Amino acid sequence: MSVSASPVPTEPPRLHPIAARQARRTRLPDGGVDIDRLLALVSETYTETDIDRRRTDRANRLMAEELEAALSRSALQNLRFKAALDNMNQGLALFDAAGLLVLTNQRFLDIYGLHDARPGLTLAQILASSPCLLLATPIEHRRLITEYRAVASACGARIEQCWPDGRTITIERTRLADGGDLYTVADVTAARTASAQIAHLARHDALTNLPNRTLLHERLAEIVRNARRGDRCAMLGLDLDRFKLVNDTLGHPVGDALLVAVAERLVKLVRPHDVIARLGGDEFSILIQHVTSDEAVEQLCQRIIDTLTQPFEIAGHHIQIGASIGVAMVEVDALDPDTLLRDADLALYRAKRSGRGNYRFYTPDMHAFATRRRQLEIELRRALKSNELRVHYQPQVDIATHTVIGFEALVRWYHPERGIIPPGDFIGVCEEIGLIGTVGELVLTQACRDAALWPDSIKIAVNLSALQFKSGTLPAMVARALAASGLDPTRLELEITEGAMLEDTSSVIEQLQQLKQQGVLISLDDFGTGYSSLSHIRNFPFDRVKIDQSFVRDLGTNSDSLAIVRAVTGLCSSLGITSIAEGVETLDQLNILIAEKCDSAQGYYYSRPVPLAETLPFVARMLAVKNKAA
Amino acid sequence: MWSKRIDGSDASATFPATPDLVIVFGPTSRMTDQPLIEQLTSRCGNAIVIGCSSGTMVDGDGLDDDAVVALGVGFERTRLTLAVQPLPSADTSFAAGLAIGKELADDSLSAIFVLSNGLNVNGSALVAGIRSGAGDSVALSGGLAGDGARFGDTRILAGGDCLTNAVAAIGFYGTHVRLAHGSAGEWQPFGPVRTISAADGAELRRLDDEPALALYERYVGEEAADLPASGLLYPLEIWDPAKPDDRVVRTLLAIDRDHGTLTFAGDMPQGWKARLMRGIFDELIDGASTAAQHAIDRTASWGVAPSACLAISCVGRRLLMGQRTDEEIAAVSAVLGSDIALAGFYSYGEIAPQNATGVPCLHNQTMTITLIGECA
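Quick mapping for you: the protein sequence lines, in order, are chains Z and H.
Quick note on this note's numbering: the first sequence kicks off at 1 and runs consecutively.
Quick note on this note's numbering: the second sequence kicks off at 1001 and runs consecutively.
Hints were generated in silico from the structure; no laboratory data involved.
Predicted, not measured: the structure shown is a model, and the values here were computed from it.
Cβ atoms here follow ideal geometry from the backbone N, Cα and C, with glycine treated the same way.
Possibly wrong hints are sitting among the right ones.
The following label-pair restraints were derived from C-beta to C-beta distances [what the hints assert, rightly or not]:
id	chain 1	residue 1	chain 2	residue 2	range
1	Z	61	H	1208	17 to 27 Å
2	Z	86	H	1208	23 to 33 Å
3	H	1240	Z	61	24 to 34 Å
4	Z	81	H	1240	27 to 37 Å
Using the sequences and the hints given, assemble the complete structure.
Below, the structure written as structure tokens:
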């Protein structure tokens, strides 16, 4: 095999423009080329190209670094934004101008119960997929979505929706500059619940959850606003009888539980639109609407009393209380809430005064009575300042010897206009308005001072109110009076009623014992009128028992009274307690008492109560009579 | 009107007639060669001779770092006036410009071509001064003398004298003379947009609250050692954030390593945005072509072809492109054609009307074209 070479056509090489320029520049006049110069230029080109490549590389590297840093900053910024958005309390959803979702935060998904929400979805699609809204009926669902879309775009405008799952959600839409919308959604259920609770607490009694005075007034105002001619309503004021005793003896927790139980019983007795309010302590008000007849109200009152009289079993205690009710009725279109409540209160007062466990309807005279009573209060306070209260003394006589053995101190009010007012007409008021302590001390101090002027054989008896035991300072007060007067304690006899023994018995007994230790004598007053409990006589070593004048008055005409007098004198005799009969007015009554071996007596038969100045002359007269008889 | 470019150092080279104006560009070493200059001016008759130094001359469609290029021009219906003012320091720039403007100002003044010392001058202030003196309607172009990468000694030739610290300008008078201009840079911004956070006049102190020099050095990398000369390769594009379409290119003139600052050939307003630029050869060459095309398009209404072209390009372009710089002149020449006498130099600052507004200003890093013609 042979290869034959064939001639190859030669053309000038196509030079790069730079090379062409370099060739031109290094061309010598003779047509040759300055090789050194050409190489220098070529080398320079390589160098320039290298430099340019390095510059380009550097620029590229710098750009890559800048880009990386920017991306890194951007990623970090995005992370921060996302963290900030996801940790907002509000849900947030951003839609573009076409109404398509751009982004949401996690809170938005949580509120709507969504796992995710793809960008590009419409608001309607998102809402439609929310399981929280799906609980709604179709109509409700449409309403929620329509409301949502209609949220005004003005800045700050928002709506509040109650969702079918029980949550309260606020939705706010803000129109953005690019035509998109920003929705912020907040679950305000807790705040609304708290507000509702606060509103409830402000209008309800915390213990029983019954409406309080505020809500009662609101309901009354509502009734006034919606008054219809002929419609009547009744306001029942209700106090529990002996509630205080429960509180004092069994403690407040039991008392509170009792109030709750009472509230539960009351609620069952009235209709749903009636209002039972607890105004404080054991004080309740019941507003009965649309009253058809007085009889219906009376029947309700009786039912309430009967129901509350049924025993309560609280914390292992068998508790028996009762209730007193005052009723005020009014035509609704003439209703004045304050007047209605006041009238019910006055009727309640009357019910309580007339023996507990009953109800009274308000009558206009109750108001007049209350007015008079208020006047009395004012005058009593003035009387104390101007020494209008003075002490009179009624002698007590030993039946067998006709000897004056003592006097009972009885306060008299020398009223500048109404003359002398007996204690029965104002002591009750003193007890109600808290003046009994002052009046009691005034009488005791005066009586001790006066008694100190009498012969040692003559005692002084002073009545105590049950209320004087409340403060627990009675023994100290008595000690002060004795010290101030210098009276021998054994000459002082304090009279207490059975009623005083009934409430807080242990405290009363303790104070009585302290008084006994001081040497003071204690007598049981008005025996036979109240409980006449033998346990009272057994529980405390009384020095004397006083037979109430109501029995004495009937001696000779009423065999029952004689039996009682006989039983008491017999009891006293067998227990070694002396007895005294009060209200003796006739010789016949005295003779019967002598026959029944009563020890002593007082009453108009001997003398009405007299000023101090007349006491010693009376003693002298009696002594004279005795001597004359002897 | 006639124009001819000759080799100014060739004693045998002649013009076809006695010129009215001779514009000379040459290296500093040759411009200060008094015998050479005298020999040249002696051949120019009564022509106004004006010129300046440069590291590289535009000599037809090529470049020459050593040549003395002389462009002779003869007018038939155009009057010329030479004005020369001292320019001892940068802060006298406006005053010098104002004096030039006033000296040349005349109802028939049509255009001004100015050559200024390239160092210790505030080109922007100089332009503002001339416009204040001569009026805003006068077309203004020219450039700041150069000295290649040396930045050592720049010269102005005027009236046979080779001056330092001076500005010289020619006023063109009459209704027949025509001048058309074009300029383009085509440097490419790169890197993030930054904010001029501290600056004073032309001194840039901080960018994005970072010391400006440190940031700049990071970008120029190994070429930081050659600053400020290497700064010519990395100009800054700056703009008022309120006018993002109106952007200006600034060339680095000096650095202060003690204070970490950079000084540019023009104001650096605080609050403006700034972005570093770099040159990509092909883009720069296209830019030169664009400038020439813009100028030639402006001559369409003249009724005559332009006779002469003064091409003034930035020394930064020359330094960056090296041997490839020839290509931008070749590109200009290709647009103009071979009938137009083309001469020019690589400057420390170009002066020409803005393409868009026609308002004269100092350019950096551009190729600027001034075409001269005379109508019948």
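Going through the hints against the structure:
{"no.": "1", "hint": "61/Z with 1208/H: 17 to 27 Å", "result": "holds, 20 Å"}
{"no.": "2", "hint": "86/Z with 1208/H: 23 to 33 Å", "result": "holds, 31 Å"}
{"no.": "3", "hint": "1240/H with 61/Z: 24 to 34 Å", "result": "holds, 31 Å"}
{"no.": "4", "hint": "81/Z with 1240/H: 27 to 37 Å", "result": "holds, 31 Å"}
In terms of the numbered hints stated before, the structure departs from none.
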